[in-house]
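> Here is how the chains run, residue by residue.
2 protein chains.
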Amino acid sequence: MQEPAHANATVPPEQASRAERERQDFGRRLRALRSARGWTLAQLADRSGLAISTISKAERGIMALTYDRMLQLARGIGVDMAEFFASEGEAFAPGGFAVARLGEFRRQETGSYVYEMLFPEIRNKAMTPMIGTLRADCPMSFDDFVRHAGQEFLIVLDGVVTVHAEGRPTVKLRAGESIYFDSARGHLYSADAGQDARILVVCTES
Amino acid sequence: MQEPAHANATVPPEQASRAERERQDFGRRLRALRSARGWTLAQLADRSGLAISTISKAERGIMALTYDRMLQLARGIGVDMAEFFASEGEAFAPGGFAVARLGEFRRQETGSYVYEMLFPEIRNKAMTPMIGTLRADCPMSFDDFVRHAGQEFLIVLDGVVTVHAEGRPTVKLRAGESIYFDSARGHLYSADAGQDARILVVCTES
DNA sequence: AACACGGTTTTCCGATAGGAAAAGGGGTTT
DNA sequence: AAACCCCTTTTCCTATCGGAAAACCGTGTT
Chain L
1 MQEPAHANAT VPPEQASRAE RERQDFGRRL RALRSARGWT LAQLADRSGL AISTISKAER
61 GIMALTYDRM LQLARGIGVD MAEFFASEGE AFAPGGFAVA RLGEFRRQET GSYVYEMLFP
121 EIRNKAMTPM IGTLRADCPM SFDDFVRHAG QEFLIVLDGV VTVHAEGRPT VKLRAGESIY
181 FDSARGHLYS ADAGQDARIL VVCTES
Chain V
1 MQEPAHANAT VPPEQASRAE RERQDFGRRL RALRSARGWT LAQLADRSGL AISTISKAER
61 GIMALTYDRM LQLARGIGVD MAEFFASEGE AFAPGGFAVA RLGEFRRQET GSYVYEMLFP
121 EIRNKAMTPM IGTLRADCPM SFDDFVRHAG QEFLIVLDGV VTVHAEGRPT VKLRAGESIY
181 FDSARGHLYS ADAGQDARIL VVCTES
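Each protein sequence line maps, in turn, to chains L and V. Using the numbering used here, read the first sequence as starting at 1 and increasing by one per residue. Using the numbering used here, read the second sequence as starting at 1 and increasing by one per residue.
Certain hints may be false.
[To be verified] Anything over 12 Å on all C-beta distances counts as not near chain L; from chain V, calculated: (1) Thr40; (2) Leu41; (3) Ser56; (4) Tyr115; (5) Arg135; (6) Gly159; (7) Asp192; (8) Glu205.
[Unchecked claim] Label-pair ranges, simulated between beta-carbon atoms: (9) Lys57(V) <-> Arg101(L): 51 to 57 Å; (10) Ser53(L) <-> Gly186(V): 49 to 55 Å; (11) Ala51(L) <-> Met117(V): 48 to 54 Å; (12) Gly38(V) <-> Arg101(L): 37 to 43 Å.
None of these hints come from the bench; they were simulated from the model. Note that beta-carbon positions come from the ideal geometry of N, C-alpha and C, so glycine has one too.
With the hints as constraints, model all of the structure from the sequences given.
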């Protein structure tokens, strides 16, 4: 796969070679899955209905398969698409064990939110727990909701919090009450007037 | 996408239309992900570096994207390839939104632990938040650690908790302090003598 | 109604996916 | 070492992907 002269090219050459590296990555995973089963190209071709040459080229990263072919391959190998790509990630944590003591938090101020991320030193963790303080005197702009991948859990530690969620009536939560939702739904928190609020938020995936 | 006359065709026509149905399925998922964020085709095109027309055709299932483009799309949307296809199964939750009010918890007593699972009605959630009470007068048997898949986050709401973790020195946590670890590591909690303790535990994957 | 505007779909065509078949590249057997 | 055999890579060519731009479709505005 040579760098395309490409009349319609929008992708800069440096990003193109990055794409190539990633294709090769995919190819290595594919070859690993095949040879782990002790299959030849011909056998996988037979099971998946693809041509031998196609699989060969895909494994060597010189060709990018279309969705259709990947689906056939996944079926032929006997994995579903999700776990086909599951091995992309890395293992979790340096030691996989950490304690957060009072007063050792790293403060992160994003606009009018004040968040303290609890375990910044752990890599690839499945959850991101944060403790936040919402200022009573600092109302949010109700225009732009926050939206991101993953799911979100919020519990009120102190005060009263109003949760605004897209397509849902406003929810008022007192200390000890909690809420759980898909983070792709636009959302926004604010403290009720008169008293600051402290919340614990746990998000999955960043 | 008309059924190809295809000089090289190996795929029987019935399977070809099945492939088409699956492409349309992929397209619907893609459109769902985009519109859940409130983005237009142009906005996603901008974020992913793909042409508007390409995304439009992919969403309508009349074109099968190659691996490269799907990767760009996944990045643009902010999901990794694995969870890109994770939604092949079932969508999360009945509405994906739930509130847990005080006094509405379902109590689950497992041995000497008393746990209240917060959102039992949500299916397929990525996290399982629970509130637990540890009795001061009920010491645990230090022999059998608990071990399970996933990761675990614990924060102390009240009292003082001692965490025993396999291969680690004992950790004492006061209210507001927390701990994060891989649940496969054997673990066990107990309240310090003299006072009951309340904890919030969030686990991933069961 | 004509116009402008923000979004989506369609058209057109060059670059590329992907199949069939031929060409490597080890091994083992005669 | 030639003749097989099995597996992988390369070649060649058509069907398809995928980008730019034009056409299309609401929904307000003058």
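> Indicate, hint by hint, whether the structure satisfies it.
Going through the hints against the structure:
Chain L leaves Thr40(V) outside its interface by the beta-carbon criterion, the shortest separation being 15 Å against a cut-off of 12 Å. With a cut of 12 Å on Cβ distances, Leu41(V) stays outside the contact zone with chain L, its closest approach being about 15 Å. Remark: the non-interface label on Ser56(V) is consistent with the geometry, its nearest Cβ contact in chain L lying 15 Å away (cut-off 12 Å). No beta-carbon of chain L is positioned within 12 Å of the beta-carbon of Tyr115(V); the least distance is around 14 Å.
Every beta carbon of chain L lies more than 12 Å from that of Arg135(V), the smallest distance being close to 19 Å; the non-interface claim holds. A cut-off of 12 Å between C-beta atoms confirms that Gly159(V) is not in contact with chain L; the least separation is 15 Å. No beta-carbon of chain L is positioned within 12 Å of the beta-carbon of Asp192(V); the least distance is around 16 Å. The claim that Glu205(V) lies off the interface is violated: its Cβ sits roughly 7 Å from the closest Cβ of chain L, which falls inside the 12 Å cut-off.
The hint said 51 to 57 Å for the Cβ distance between Lys57(V) and Arg101(L), and at roughly 54 Å that hint holds. Between Ser53(L) and Gly186(V) the C-beta distance comes to about 51 Å, which sits within the given range of 49 to 55 Å. At roughly 51 Å, the beta-carbon separation of Ala51(L) and Met117(V) lies within the given 48 to 54 Å, and the hint holds. At roughly 40 Å, the beta carbons of Gly38(V) and Arg101(L) sit within the given window of 37 to 43 Å.
Hint compliance for this structure: hint 8 is the single one not met.
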